[in-house]
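Novice: Residue strings, one per chain:
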Amino acid sequence: MSTAEGLFLLAVMMAGTVLPRLLPMGLLAKRAISRNLQIWLSFVPVAILSALLAPEIFMKNGSLFLAKENLFLVAFAPVLAVAYFTKSLFATLLTGMILVAAMRYFHIFA
Amino acid sequence: METEKKSFDKNSFYSGMKLGVPIMIGYIPLGFAFGVLAVKNGVDAFWAVMMSVFVFAGAGQFIAASMLGAGASFLSIGAANALVNLRHILMSAALVTPWKNIPFRWKMFLAFFQTDEIFAANISHYKSGKEVTVTQILTLALIAHSGWIIGTFLGAVSGGLITNVEAYGLDFALPAMFAALLVPLLIDRIQIVVCLAAALASLCFMQLGFDRWSIIIATLLSASLGLYLTLQKEKNQVR
Numbered sequence: 001m002s003t004a005e006g007l008f009l010l011a012v013m014m015a016g017t018v019l020p021r022l023l024p025m026g027l028l029a030k031r032a033i034s035r036n037l038q039i040w041l042s043f044v045p046v047a048i049l050s051a052l053l054a055p056e057i058f059m060k061n062g063s064l065f066l067a068k069e070n071l072f073l074v075a076f077a078p079v080l081a082v083a084y085f086t087k088s089l090f091a092t093l094l095t096g097m098i099l100v101a102a103m104r105y106f107h108i109f110a
Numbered sequence: 001m002e003t004e005k006k007s008f009d010k011n012s013f014y015s016g017m018k019l020g021v022p023i024m025i026g027y028i029p030l031g032f033a034f035g036v037l038a039v040k041n042g043v044d045a046f047w048a049v050m051m052s053v054f055v056f057a058g059a060g061q062f063i064a065a066s067m068l069g070a071g072a073s074f075l076s077i078g079a080a081n082a083l084v085n086l087r088h089i090l091m092s093a094a095l096v097t098p099w100k101n102i103p104f105r106w107k108m109f110l111a112f113f114q115t116d117e118i119f120a121a122n123i124s125h126y127k128s129g130k131e132v133t134v135t136q137i138l139t140l141a142l143i144a145h146s147g148w149i150i151g152t153f154l155g156a157v158s159g160g161l162i163t164n165v166e167a168y169g170l171d172f173a174l175p176a177m178f179a180a181l182l183v184p185l186l187i188d189r190i191q192i193v194v195c196l197a198a199a200l201a202s203l204c205f206m207q208l209g210f211d212r213w214s215i216i217i218a219t220l221l222s223a224s225l226g227l228y229l230t231l232q233k234e235k236n237q238v239r
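Protein chains in written order, with this note's numbering: chain A, 1 to 110; chain B, 1 to 239.
Keep in mind that the hints were calculated from the coordinates and are not lab data. Just so we're clear, the structure is a prediction, and the values are computed from it rather than from any experiment. Any given hint could turn out to be false.
Which bits of chain B does chain A cover? Going by a derived footprint, with three or more residues having C-beta under 8 Å, they are [as the list claims (entries may be wrong)]:
hint : region
1    : 23 to 35
2    : 70 to 79
3    : 186 to 195
Built from N, CA and C at the ideal position, the CB exists for glycine as well.
Please work from the sequences and hints to get the whole structure.
Specialist: Written as structure tokens, this is what we have:
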């Protein structure tokens, strides 16, 4: 990849990443947001995270994968429990990664 | 007093650290996986790292790497990246109210760092009623970003050395992180309904082949359901 090509790739990637993050902030900052829009936006975090998470857990290569061989699905319940009781991102992450690695290492369900 | 308040704010720094370090630890394996993938698809290690510094878009970068390997044009890569990042319009809009007292220039700068995880960590911080400060947002963002850059660097330079990231459960870092960020936000019944609706809708649209649009459609529909349920609930309380 030449320098010019690299810079051009960076530029198109930056445009597609930065604009969606900046535009609403710039456009909405100066005016008041209606109450209904505020309520609607208060559901956006939960909605996006759920929509991102569900396919990671329940699908593989774009189709449903509901079997004990789906290690992400098996690890999901303990991960949720740890997230709920510890409220710790770090503990949840570590539990999940160790569980999946261990199941693969000891060939549990896999 | 005023000048004292404007100087370095220790509490905000620590709460930014507390939120940022776990995300950094999650971003190292993700960045690593991106670095390996980028180099395997013919991106020089240097440009892979530059991309992580200046673009900072997880899903977008993964797609770019695999499209480069398939010989796609830069413009089509840019379009694909813009499409997966459309959801950030909604996140950025959701930050407008909590960030209303942040100076405009800072807002523009800090908005660059709002990935899914950093955004969610910020929102959960505000849900617990804590103060919104530039120091906290910036500390969180820079620590998390450093994890993404370090991971990319390690993955790009080690390239072929580590072939099996799955053996270490690294591929589960992303879903585990989403789960950890989601659970604390489920504070009432309507949020839980929205969560289930979004998950179900996302799965349905994925299964129907809507691919990357699924996330956005599922989000729009389920947030609207949340608004509808909230208005209904208020109506019933008035009666």
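Novice: Does each hint fit the structure? Answer for all of them.
Specialist: Right, here's what the structure says about each hint:
Only residues whose C-beta sits within less than 8 Å of a C-beta in chain A count toward coverage, and the region 23 to 35 of chain B has 4 of them, enough to reach three; the restraint holds. Only residues whose beta carbon comes within less than 8 Å of a beta carbon in chain A count, and the region 70 to 79 of chain B has 5; three or more means the coverage holds. Only residues whose C-beta sits within less than 8 Å of a C-beta in chain A count toward coverage, and the region 186 to 195 of chain B has 5 of them, enough to reach three; the restraint holds.
Violated hints: none; the structure is consistent with every hint.
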